[in-house]
Amino acid sequence: MKGLSSRYAFCMGFVLGTCTLYVLLQQLFDPRISPQLPRGVENPDTPVVVGRENPSTRPHGHRAKEADRYIADELYKKVRILCWVMTGPNNLQKKARHVKATWTRHCNVVVFMSSVTDPDFPTIGLGTKEGRDQLYWKTIKAFHYALEKHGDEADWFLKADDDTYVVLDNLRWILANYTPEEPIYFGKRFKPYTKQGYMSGGAGYVLSKEALKRFVEAFRTKTCTHTTPVEDMALGQCMEKVGVRAGDSRDTLLRETFHPFVPETHLTGKFSKSFWYWAYCYYPIVEASGPQCCSDLAVSFHYVNANLMYLLEYYTYHLRAFGYKYRYEPPLPKALSGPEKVGEGLEEAGVEPGPKAMGRMSAEQGAEPPNVPETRR
Amino acid sequence: MYESCCHTGLNMLAEGSSFFKGLLLGSIFCLVVSLLGNFTPSWQSSPGIHLHHHIKAPSKEDLQGLPETQKLELSLRVRVYCAIMVQPKDLAYYLTAKDTWSKHCDRAEFYTSESSKAIEAVNLQEQDEWARIRKALTHAYNNAGDLRWFFVARATTFAIIENLKYLVLDKDPRQPFYIGRTAKSGELEYVEFTSGIILSYEALRRLTEVFDDTEKCPERGRALWKLSEEKQLAECLKYRGVFAENGEDTQGKGLFNSKSVNSLIADSLDQDPADVVENCCSDMAITFSGMTPNQMQVMMFGIYRLHPYGHTFHDSLVFLPPVGSEND
Chain V
-16 MKGLSSRYAF CMGFVLGTCT LYVLLQQLFD PRISPQLPRG VENPDTPVVV GRENPSTRPH
44 GHRAKEADRY IADELYKKVR ILCWVMTGPN NLQKKARHVK ATWTRHCNVV VFMSSVTDPD
104 FPTIGLGTKE GRDQLYWKTI KAFHYALEKH GDEADWFLKA DDDTYVVLDN LRWILANYTP
164 EEPIYFGKRF KPYTKQGYMS GGAGYVLSKE ALKRFVEAFR TKTCTHTTPV EDMALGQCME
224 KVGVRAGDSR DTLLRETFHP FVPETHLTGK FSKSFWYWAY CYYPIVEASG PQCCSDLAVS
284 FHYVNANLMY LLEYYTYHLR AFGYKYRYEP PLPKALSGPE KVGEGLEEAG VEPGPKAMGR
344 MSAEQGAEPP NVPETRR
Chain F
422 MYESCCHTGL NMLAEGSSFF KGLLLGSIFC LVVSLLGNFT PSWQSSPGIH LHHHIKAPSK
482 EDLQGLPETQ KLELSLRVRV YCAIMVQPKD LAYYLTAKDT WSKHCDRAEF YTSESSKAIE
542 AVNLQEQDEW ARIRKALTHA YNNAGDLRWF FVARATTFAI IENLKYLVLD KDPRQPFYIG
602 RTAKSGELEY VEFTSGIILS YEALRRLTEV FDDTEKCPER GRALWKLSEE KQLAECLKYR
662 GVFAENGEDT QGKGLFNSKS VNSLIADSLD QDPADVVENC CSDMAITFSG MTPNQMQVMM
722 FGIYRLHPYG HTFHDSLVFL PPVGSEND
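Line order of the protein sequences matches chains V and F. Just so you know, the first sequence maps onto residues -16 to 360 in the numbering used here. Just so you know, the second sequence maps onto residues 422 to 749 in the numbering used here.
Please keep in mind that the hints were generated in silico from the structure rather than gathered at the bench. Since the model is a prediction, treat every value here as computed from it, not as a measurement. Each hint can be trusted.
Derived lysine-lysine pairs resembling DSBU-like cross-links, with alpha carbons at most 35 Å apart:
| # | chain 1 | residue 1 | chain 2 | residue 2 |
| --- | --- | --- | --- | --- |
| 1 | V | Lys253 | F | Lys510 |
| 2 | V | Lys77 | F | Lys674 |
| 3 | V | Lys253 | F | Lys680 |
| 4 | F | Lys538 | V | Lys256 |
| 5 | F | Lys674 | V | Lys78 |
| 6 | V | Lys83 | F | Lys674 |
| 7 | F | Lys524 | V | Lys253 |
| 8 | V | Lys60 | F | Lys481 |
| 9 | F | Lys674 | V | Lys308 |
| 10 | V | Lys253 | F | Lys538 |
| 11 | V | Lys83 | F | Lys481 |
| 12 | V | Lys308 | F | Lys481 |
| 13 | F | Lys492 | V | Lys308 |
| 14 | V | Lys256 | F | Lys519 |
| 15 | F | Lys680 | V | Lys83 |
| 16 | V | Lys317 | F | Lys481 |
| 17 | F | Lys680 | F | Lys492 |
| 18 | V | Lys256 | V | Lys224 |
| 19 | V | Lys77 | F | Lys680 |
| 20 | F | Lys538 | F | Lys510 |
| 21 | V | Lys256 | F | Lys510 |
| 22 | F | Lys481 | V | Lys61 |
Sequences and hints are given; from them, build the entire structure.
Given below as structure tokens:
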């Protein structure tokens, strides 16, 4: 009796052992996977970053997964940008918080400007009222605040609305061809009301430190005053007065980088001939509606709602085509190709120091003061 | 009383030790046999057993270890035939697909339900969607040339072909693969058509064979109970031992989306405002569905053009942009 049940147990064990291992082997060696390429260990944890580890501590860390950020990190250190966002108490939850959750994380410094201080968000209270007629007052006070409190922490000072989306890395690429000691500012350049043009407020604009200093000084000496609530035009007129040049923010293929509308409008919109946009654009439009409307290194879009903020963040920093090489090969900006070159880090990142920035850029370096009318193309 | 308990206890102990001896011996036996015989279990003959329902993209480590020549061979070897289903009412989608993502297929063939002057496509002359798919896939199989991967979708779907290639990079097309976004209907696991379907050459070969079996795979579906075309496809494939698998990235996120990216972002914003983009969609997503032609143009710009300066990807393989595809 004992012997029989023992044998029975043994048989059961044997069968079970065989089956278990059979199943185990099946799992490990699926014949449908190429034998030369073992399935490998799944890596569910932190994404692999190839290339140099980022030496500086980054408070914002939103990275394109698996991207080598060496050049972006170098530019972050060399081209420090303070972003201030024009908002108000009624828009904090509707709009500003999505700005905060997305693109402003890539700024060196970010300040949300409102009429009222809110320690929780946080926002800085400028002591103005709310409303369209307060826009230039807010702008004036915001720039004064930025210079006074953060003047040493940044080289460039960007103004944006709470429905503007900005790609800071691309803005740094443009600005790295200039120095903060030059009196210059950039944005989507419009023609009217000024000799040298002015920058669209909604598409965002950025002042060099020298430009900001002159702006603030001009209000002290009353060279500039609050003339009109139309903030972008008024600022543009002040810039002209104090000798700050309106820069050309287009890429090397002459495509715009700052955009006053959403991507869909620029890519697919049908503008009628009488639409004001045609008359306002300072530069000739490369392609009004189609892929060449916008640079690959686009810097900004306007009228961006909450959903689109996250969608643009997804498109810019996340979704990509594996193994795909971008067609547009931008040249290395001056700050990285100058005498204090970054050396082997560039080779590792796979970048050849490209041709120097286009002729027109170096021409601007020694340009005449802006009240000499530039030739309109 | 105590004695008999002890007795049965001892009995059990003896049996237990026999059991474990048997277990050990059985495992060793199996291991030895498999090592000796280079044992690879065959799937063809056992349609009932199927352990793999998820297909994952290869990880970076998988690819990094390969020699350069093999990487080059892989990048050239994985080539995709896109069978894109259109109808004259979807003219705007046809034009958009033609102008955007379909250019990245190694071969893109449009199949239409009826002829239309504006649409350059194989005219299937068929109103029934299942019948159309049958005809299109048969045509694709007969015209495959040396292409070994097939992607079938409606023109209302947007696909990122490079990421599709990445998913199947390490898979052998001589084995049956039927991949996409899976769903279950009773006992049947099928791939949703809305988010696109990948078939390996072997899967398509078996499918064209079972098409001839009007019992198992009728052309018009059963008169009384008409299954949707995606379920019909799954049924037919099942008869030949080909099972649906869910395409996922290395983190387990689905790569095939039956919704538009816009609505997925909106859902994510509703559910977890703290981590909208992280929780939404995979970085290596392959398909989205339900987008307007304009939204597709924006997506094309967002993937193939817009990018942040200074971020470089050192992908092990390169898929060169196709000739004549200026919209990227």
